[in-house]
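Trainee: The listed protein sequences correspond, in order, to chains A and B. The numbering used here applies: residue 1 is where the first sequence begins, and numbers increase by one. The numbering used here applies: residue 1 is where the second sequence begins, and numbers increase by one.
These aren't lab readings, by the way, just hints derived from the structure by calculation. Heads up, some of the hints might be wrong.
Computed from the model, here is a short list of chain A residues facing chain B with C-beta under 10 Å [stated by the list, open to error]:
# : residue
1 : 122
2 : 123
3 : 169
4 : 185
5 : 189
6 : 577
7 : 581
8 : 708
Derived contacts from chain A toward chain B, CB cut-off under 7 Å, selection only [said to hold, decoys possible]:
#  : residue
9  : 572
10 : 575
11 : 709
12 : 711
13 : 715
14 : 716
15 : 717
16 : 718
17 : 722
Ideal Cβ placement from N, Cα and C applies to all residues, glycine included.
In case you want the letters, here they are:
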Amino acid sequence: MTAAPEIGSARLRSEDARLITGQTNWTDNIQLPGLLHVAFLRSPVAHGRITRIDAEPARGRPGVIAVFTGADFADEQGSLPTAWQVTEDMVLPDHPPVAVEEVRYVGEPVAVVVARDRYLAADALEAIDVDYETLPPVLDMDEAIKEGADLVHADKGTNKSYEWVFAAGDIDAAFRDAPVVIERRYVQQRLIPAAMEPRAVVCSVVGDEYTLWSSTQIPHVLRLMLATVTGIPEHRLRVIAPDVGGGFGSKLQVYGEEVACLLLAKRLGRPVKWTESRSEGNASVHHGRDQIQRLSLAAEADGRIRGLKVDLLADMGAYLMLITPGIPLLGAFMFNGIYKMDAYHFTCSGIFTNKTPTDAYRGAGRPEATFAIERLMDELASELSLDPLEVRRRNWITHEEFPYDTIAGLTYDSGNYEAATEKAHRLFEYDKLRAEQADRRERGDPVQLGIGISTFTEMCGLAPSRVLGSLAFGAGGWEHASVRMLPSGKVEVVTGSSAHGQGHETAWAQIAADRLGVPFEDVRVLHGDTSISPKGMDTYGSRSLAVGGVALYNACEKVIDKARRMAAHMLEADEQDIEFANGTFSVRGVPDQVRTVQEVSLATFLAHDLPEGFEPSLDSDATHDPANFSFPHGTHLCAAEVDTETGFVKLRSYVAVDDIGKVVNPLIVEGQVHGGLAQGIAQALYEEAVYDADGNLTTTTMADYLLPAATDLPTFTTDRTETPATTNPLGVKGVGEAGTIASTPAVVNAIVDALRPYGVADVPMPCTPERVWRACRAGGAQEAGRAGGPEHSPRPGAGGGLGSAGGEA
Amino acid sequence: MIPGAFDYVRPSSLEGALTALRAAGDDGKVIAGGQSLLPLLRLRLAYPEILVDLGSVPELSGVRDEGSSLLVGAMTTHYDVLRDPLIHQHAPLVAAATATVADPAVRHRGTFGGSLAHADPAGDLPAVALAMDAVFVTSSREIPASEFFSDYLTSALEPDEVLLGVRLPKSYAGWGFHYEKFHRTAQAWAIVGVACLVQRSNGEISAARIGLTNMGSTPIRASAVEQAVTGGAANREAFRAAAESAAEGTSPPSDLHGSAEYRRHLVTVLTARALSKAASV
Ligand SMILES: Cc1cc2nc3c(=O)[nH]c(=O)nc-3n(C[C@H](O)[C@H](O)[C@H](O)COP(=O)(O)OP(=O)(O)OC[C@H]3O[C@@H](n4cnc5c(N)ncnc54)[C@H](O)[C@@H]3O)c2cc1C
Chain A
1 MTAAPEIGSA RLRSEDARLI TGQTNWTDNI QLPGLLHVAF LRSPVAHGRI TRIDAEPARG
61 RPGVIAVFTG ADFADEQGSL PTAWQVTEDM VLPDHPPVAV EEVRYVGEPV AVVVARDRYL
121 AADALEAIDV DYETLPPVLD MDEAIKEGAD LVHADKGTNK SYEWVFAAGD IDAAFRDAPV
181 VIERRYVQQR LIPAAMEPRA VVCSVVGDEY TLWSSTQIPH VLRLMLATVT GIPEHRLRVI
241 APDVGGGFGS KLQVYGEEVA CLLLAKRLGR PVKWTESRSE GNASVHHGRD QIQRLSLAAE
301 ADGRIRGLKV DLLADMGAYL MLITPGIPLL GAFMFNGIYK MDAYHFTCSG IFTNKTPTDA
361 YRGAGRPEAT FAIERLMDEL ASELSLDPLE VRRRNWITHE EFPYDTIAGL TYDSGNYEAA
421 TEKAHRLFEY DKLRAEQADR RERGDPVQLG IGISTFTEMC GLAPSRVLGS LAFGAGGWEH
481 ASVRMLPSGK VEVVTGSSAH GQGHETAWAQ IAADRLGVPF EDVRVLHGDT SISPKGMDTY
541 GSRSLAVGGV ALYNACEKVI DKARRMAAHM LEADEQDIEF ANGTFSVRGV PDQVRTVQEV
601 SLATFLAHDL PEGFEPSLDS DATHDPANFS FPHGTHLCAA EVDTETGFVK LRSYVAVDDI
661 GKVVNPLIVE GQVHGGLAQG IAQALYEEAV YDADGNLTTT TMADYLLPAA TDLPTFTTDR
721 TETPATTNPL GVKGVGEAGT IASTPAVVNA IVDALRPYGV ADVPMPCTPE RVWRACRAGG
781 AQEAGRAGGP EHSPRPGAGG GLGSAGGEA
Chain B
1 MIPGAFDYVR PSSLEGALTA LRAAGDDGKV IAGGQSLLPL LRLRLAYPEI LVDLGSVPEL
61 SGVRDEGSSL LVGAMTTHYD VLRDPLIHQH APLVAAATAT VADPAVRHRG TFGGSLAHAD
121 PAGDLPAVAL AMDAVFVTSS REIPASEFFS DYLTSALEPD EVLLGVRLPK SYAGWGFHYE
181 KFHRTAQAWA IVGVACLVQR SNGEISAARI GLTNMGSTPI RASAVEQAVT GGAANREAFR
241 AAAESAAEGT SPPSDLHGSA EYRRHLVTVL TARALSKAAS V
């Protein structure tokens, strides 16, 4: 009886019914006897000294139990942690969870109200009287690094937190006499993560035992960090992440609100709850991206890349949070993309501004890098009047060259860029679309067609601990899993991965069912509670399957190894002669002599008759530390119709061919790709956190911070090629961020491609209709000497003229 | 966000509603679908002390045929407007514009009357009501559309005055119509919108009525364009030329979704397109 293999089966996600019907415990649903409600008063100024706080009127408001200011907490609240000291001299300012003397961004907590219900707490905020002596806000990174600039942290004497450099090869030689040099400045706008479930925290204290529920991606890291910040002993603190409605990096954080809730529960001896509102969250959840990129690429006349220089200013916001300084550096190893080159030079300066702190956001450093190199490849193609696919072909690592040591010092274990591109090219009907593009240019159609390409790779499977150590990251990159064989034959899997929408309960059960040969329904997956899953490094960076899934695989192998000995004993055979397949142990050559894994499990539980010295348990633990990163890749092609009269961009078709190695559940993969594409497309077209000249965030609501819905997106064509990762036994690479990383440059490349005949070489993100329209109008000015409008320069696929240092081919 | 405290009543008759509003004076506010009012309360931009819900006043819902006009009850939801055969027959422009409002969830709660009483120049229906010369029937009088919208989020309604319904003349049945809405995402408000009605005879435009969404603090008629197309040829070139003056007399806002300069440009392109689609050329 051979069932279809579980690994690779497109199972519906077993957690979905409870998630989408709301039949579950989100943090905000949790009710405890005597629960009190917390509201935070937040700074309305971007930079200011708190000269006076009068909380007395609020204390007298109906239903108010207590009001605390930062000063009330000063002795206890500590400083929020940063786990990544990227350079020895990195400037790391104090970051009190509730501001004490100075506020440094709009939305920073300055006082806390605790009341009998949420509404009374919110009302009482209005009765707290705060005087601020406003200080000049620092809002622009280029200004922030000038001599004599206003300072975010006056005591630090600088707005620069660090400068981090990576160099490989002879960069001067690469640029010396280079036939082509392309220089560009791109801006990665600031983004606001918009998880469907806002943040929420519940905290209770019984005796000296603390329990904290939080809508977090990282219960394990959070427990350790909160213990460190507050001095509560780690073993007295239990952190629970109940079902969590998305994070995208924003819940990979140790937030001041979490610390404050712990302190409040401790002081008041009663449980407390805080749930943020959407507009509160927009200002106070950590933001993503926000980089100014100065890029130079040197190439031969035939398009082969000689070298790449990257100079980044990365906005840290007002403080360094958990891994703020490291985010742009995760991109340092990815600016070279899938291409070969002789030299690479990377510099990144982390800059403080009076804005909400930044940190991980889906892709974390890699979308920024991928955008830069994929935009540059299109610019290079334009400069040389080559098809942008051809320029990529001339530079990418060919499939025979793997494993390949890149200029950025990584070893790409496997990949096949030719195969993915070939498939995407076919599905997209590339040649047909190019013909239509030429036709529209010819006719001077007000709606032009553009084709955008992104042949990306990324590093997933964060991370080999030794690499993290060499980067001075404050933790390892392993993951833990354990398997419990229950006497009835059922199985409990405990994972240190912390799902918040990814479908781990389904995928992990598939892995265990596949490896142990038990029915899928007989496996239960437990996670997200430090008492139930005591060990883990949690979920972010597309790491769960490539690290946590492999830990589970290893734990299952250990179960089978132990069970094999027990089965040999039961079958009175030699252990070497025992075979295991589909959940059944048999003696080689004696196919009717069998014991199922369930029978072995029960016999072990009974322990009446065990092999000599055999411990009566099949349960196992495994902690997997990856030997290398994994490197998903793919080819994404986007066709965009650009209305030159209004600037409106309509995505007509989008083909994503991803190579993520082996697949455990194709349906989950499909979902991750779709969501990822929506998010990456949103950066290209819609999303931007906007601050006014005083440092107020103006995009506080969904009416101003635009997110696309299904109606705004094309029907995606997705497909895969499958080049297994060679560095883990499952052959998996990770898919959580691929769509987001790949799609942003594909879309912008398509828009610019459509408008090349108008002299347009770039449109800043998000490419709003107004910006696209302005780019069309300014096109002639953008590229000196070239007339705007297709009738004047109908050179399909051509463009350039900017930054060419030497002669053209 | 969390609104400040307020009281709430849900009278079952118009008389009851009016009594409650009169008693509340300036502190009372009518609530219909709540789709615009509640966001204001939650952002703490408004602090009414009492909300008077019209949801149980029976005579305010539905579309009635009054002979030469339709009377659309103020509490008729967008969803019901879209399903109403009388609307499709006599005022298809209303259906076309309503179909672009928000998303299905909002259209099930939000009301025709609420959308107009809210007097948001970015709302899609005010420009339509203006173009159609709708008449606003209230608890105390009748107000022509040209006098109803007085400023940004401000209508001619008094605090204790209830909008009962809106009278739409049937005279535009048979005219070409189109609502051209320009927005960044399907669920977003209009950056600019153009409500257009044209009457054609012998390849010419014999009459045109054009209302503009979000080109000022109130909806605005594009009178210069109306005049320029009337009596002219019904073709794209003529429309494009006429639409050049679409921004005349407007004072559009500058906001995150577009500058005033961009809106002034956009309205010319959209007006030309709306005319072409309305005239089916
Ligand atoms: C997400 C979202 C997107 C939206 N997008 C659009 C869009 O694209 N286009 C668009 O046009 N609209 C849009 N809207 C608004 C929607 O159309 C609302 O339904 C409408 O603006 C208000 O109708 P309402 O019945 O909800 O009124 P309410 O919110 O209940 O009331 C609005 C105002 O009108 C007053 N009022 C209501 N009824 C009466 C009455 N009978 N007499 C006197 N005063 C009254 C109220 O006192 C209040 O001041 C959107 C709303 C949301 C939430």
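Trainee: Work down the list of hints and note, for each, if the structure agrees.
Mentor: Comparing the hints with the structure gives:
Interface restraint check: residue 122 of chain A against chain B, minimum CB-CB distance 4 Å, threshold 10 Å, status holds. Given the 10 Å rule on beta carbons, the hint for residue 123 of chain A holds: about 6 Å separates it from the nearest Cβ of chain B. About 43 Å separates the beta-carbon of residue 169 of chain A from the nearest beta-carbon of chain B, more than 10 Å, and the hint is not met. For residue 185 of chain A, the shortest C-beta to C-beta distance to chain B is roughly 23 Å, which exceeds 10 Å, and the interface hint is violated.
Because the smallest distance between the Cβ of residue 189 of chain A and any Cβ of chain B comes to about 13 Å, over 10 Å, the interface hint for this residue is violated. Nearest Cβ of chain B to the Cβ of residue 577 of chain A: about 65 Å, over the 10 Å cut. The hint is violated. For residue 581 of chain A, the interface hint is violated, the least distance from its beta-carbon to any beta-carbon of chain B being 52 Å, above 10 Å. The interface hint given for residue 708 of chain A holds, since its Cβ lies 6 Å from the closest Cβ of chain B, which is under the 10 Å cut-off.
For residue 572 of chain A, the interface hint is violated, since its Cβ never comes within 7 Å of a Cβ in chain B; the closest pair sits about 67 Å apart. Interface restraint check: residue 575 of chain A against chain B, minimum CB-CB distance 63 Å, threshold 7 Å, status violated. The closest approach between the C-beta of residue 709 of chain A and any C-beta of chain B is roughly 6 Å, which is under the 7 Å cut-off, so the hint is satisfied. Taking 7 Å as the C-beta contact cut-off toward chain B, the hint placing residue 711 of chain A at the interface holds, the least distance being around 4 Å.
A hinted interface residue such as residue 715 of chain A counts as satisfied when its beta carbon comes closer than 7 Å to some beta carbon of chain B; here the least separation is about 15 Å, so the hint is violated. At its closest, the beta carbon of residue 716 of chain A sits 17 Å from a beta carbon of chain B; the interface hint therefore is violated under the 7 Å criterion. Among the interface hints, the one on residue 717 of chain A is violated; its C-beta lies about 21 Å from the nearest C-beta in chain B, farther than the 7 Å criterion. Interface hint at residue 718 of chain A: violated, since its Cβ lies 22 Å from the closest Cβ of chain B, which is beyond the 7 Å cut-off.
Given hint, residue 722 of chain A at the interface with chain B, is violated; its Cβ is 35 Å from that chain's nearest Cβ, farther than 7 Å.
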